[in-house]
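Here is what each chain is made of, one letter per residue.
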Amino acid sequence: MTAAALQLRRVGEIDVAVLTGEVDIAAAPELRAAIAGRIGTARALVVDASRVTYLDSGGIRMLDGVAGRCREMGVPLAVVAPSGRPARTVLDICGFPPSLLVETTVEALGAVQRG
Amino acid sequence: MPDPADTPQGSIAPLLEESLEDLYEHAPAGYLSTLGDGLVVKVNQTFLDWTGYAREDIVGKRRFQDLLTPGGQIYHETHYAPLLRMQGEVREIALQIRRADGSRLPVLVNSVLRRSDDDDRTVVRTTVFNATDRNAYEQELLVARRREQAARERTERLQELSAALAAALTEEEVAAVTLDAALAVVGGSDGTVDVLDSDGERMERLCTRGSEPGADAVELALDGPGGPAGTLRIGVPEGREVSASERELLVACARQSAQALVRARLHAETDRNARQHALLAELGRGLEQTRAFQGRAEQLVGLVVPALAVAARVEVASEDGVHTAAEARAADAGAGDPPTTLELMLRARGHILGRLVLSMARPAGRGERRFLQEVASRAALALENARLYEHEHEVAEALQRSMLTSELPAGPRLHVAAHYEPSVETMEVGGDWYDAFASGEDRVAIVVGDVVGRGIAAATAMGQLRSAVRALAAAVAGPAELLNRLDGFVETLEIARSATLVFGELDLRDGRFRYACAGHPPPVLAAPGTAPELLWEGRSPPLGATAAETSRCEAEVVLAPGTRMILYTDGLVERRDRPIDDGLGALLTELAARRDAPLGALTERLPGRLAPQEESADDVCLLAFDYGAPPVFERAVEADVGELAPLRADLRTWLEAQPMSDEDRGALVLAASEAAANALEHGCGFAAGCPVTVRLEIEGGRAALTVSDPGTWRSERADDDRGRGLFIIEHLMEDLEVVRDGGTTVRMSRRLGGGAA
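Note that the protein sequences, when read in sequence, are chains L and W. Whatever position you read off the first sequence (first residue = 1), add 32 for the working numbering. No gaps in the numbering here: position 381 of the second sequence is 377 in the working numbering, and each next residue is one more.
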């Protein structure tokens, strides 16, 4: 088991939030606050969930919250969740907007730049 | 009666031989005889000489009252004449007689009314004394009396002032009392008092009454010996002159006030010194409370605000630039004038750590700045010590962490969890360690040890001992021989002497566990279906002990699948106020109570449950493992969602031993965790002592999952998460069934290999 972790990076003018480990109901509130803190100043946001080993309803809610905030602020968002990975399965079950889901980070950077 | 001529004064006898006539005419007083209406009928020469009238001008022609001044005439009419008529005489009446040349002659007059024996005719005999001298004296007397009155008033005023000043403690109070007294003297309403501040840098307004007095104000210096230089300004009402005596009074007021200011300032300084001493003492105590840099920086700003500043922050310089380490702001900061900023270097041992930035309601004076410098330099030293300490601490911690975080062995038959908790009291790294590694094919070595001492030295020795154990484990025949070889090793490593450890080796094929304890607390064995017990076999003294001449011994137990074993250092069971036996008893009780806790939740929470954080003086190290996969997976989580991750870890290990696809495993873990989260929230409301049990059993190609709690659910879809959680469960599992019978039980199943229907 690996505890959830968040790394915030900047690629050009795009903020990239890299999530790792188990993003569950216990870890989500803190992660959400940390990511939301970036939205106010971000031009565009990419959440990389490709290395998330576990995602539950709490994690989905966190991503929903981030997506809602981005929409409000007019910040383009893309979530990297490759097919077959644990995060993608749950995202698909919960009907997370497919338009926000991409396979790779490169794809994500392109998507938000077209924004 | 003897003849006066025969007296020794006989030589003056001729002068005494005066005629009565002469005596009358030249008497030392004026004589007048008047009739009832005042007409002068007889007058002596003395009176005529004094007044310059001729006898014939007066006698039979003028009334006595005609000779008086107009005021005298009125007085004569209203007092003199009626008194004379009533009493028959009047005495010592002061009047003024108009001389012939028009000038006035002040006189004292006595009159007697004489009535003739036969008829009612009356005559008034009047004596007139020249009062020119007496009048002058009286004038003087009047002036003197006025002066005395003024002096008395002045004394009274000054006495009142000094009484009021005695009651005034602060400079402001002294100024107010003085100003009010001075304004009363001139009947004014506008005035100010200014003094030079204690640093002699600025004039400070101490008191204002009314509005700023104009340019024509009376200005008085308030310069007392050794006291502050100051100015008292009094606005004088228009058209009012300030007399010399009033001015004198004002000067006296100012003098008294200056003395009172000296006293008030001394008082204030004594007071301030005492407060500053108290503050420095408090700062010292506050900084001693913690050894952490951050904590000390917070103590510093917490003390400075609001006592010395409205806001304060500690800025620290590092390679990445300047950042704020701690900040405090008074609750009412922001209101009022914009504060001024004072920056103080935090410098210690020739090293600049950063700066203390203060926002103050008004600029600090020289004295206050000196004091703040003192605060800053003391704080800087404490911060520098903390920095050095933390640096050393970090090194030791990094060293220890690097040895404690290596991957623990994992597999379908073994699940290991470990936890290290540094001492809260000292925040120092100890020499405790745990380790688990493959020591051969299907063999896993388990170690928990404790090197005496703290800090870098202990951490280093621990590292060496740990490496020695790893190297020896594969080479020796068993735990006893390993301890023997370690005894030899610590001969060369002084600090590792007296280290204690428990070493065990588990055969994953059959569950045989051989172990040996060198002066270390006994491991706990929790076999399925039995109460946890202490393993008291295989004991011998600590490493390098001279008594260890006798050879080391070992013991063996066979673990049934589903057995849990706990190894730990003495910090877990030892407390100053409790015998170790009680600590061991408490450990067994706690383990029995949480028999089915997820392994990771158990190791993380045991130290806190056995010794509340603030009481743990020693660091604690513990390692627990579950051996084998029992036919049924059963765990109980409690109180909060933090236990869900350990639950999933246990479940994954158990599922590893079960033949199924990774997709099935992932689905079961997700469903179990979501269902447990639901129960924690809705069944138990995250309460402690409300266990949520998770049971998973595999039979006939189906996985049956049961999650139950003792509570009754208030609502199944209270919020988004839970609604979504159920949605996920429904997607992954089938035959979802909720049974309420005292508690709540949720049952569901999944057909393996095929996913949900």
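What the hints contain is simulated information worked out from the structure, not anything from laboratory work. There could be a bad hint or two in this list.
Chain L stretches covered by chain W per the calculated footprint, using a threshold of three residues with CB under 8 angstroms from any CB of chain W [stated by the list, open to error]:
1. 52 to 63
2. 88 to 94
3. 115 to 128
Among the chain W residues that face chain L by a calculated CB cut under 8 angstroms, a handful are [what the hints assert, rightly or not]:
4. Val553
5. Val554
6. Leu640
7. Ser669
8. Ala673
9. Arg720
10. Gly721
Being a predicted model, the structure only gives us computed values, none of them experimental. The beta carbon of each residue, even a glycine, is placed where N, CA and C say it ideally should be.
Query raised in the report: Which of the numbered hints are not met once you compare them with the structure shown?
Result: 4, 5
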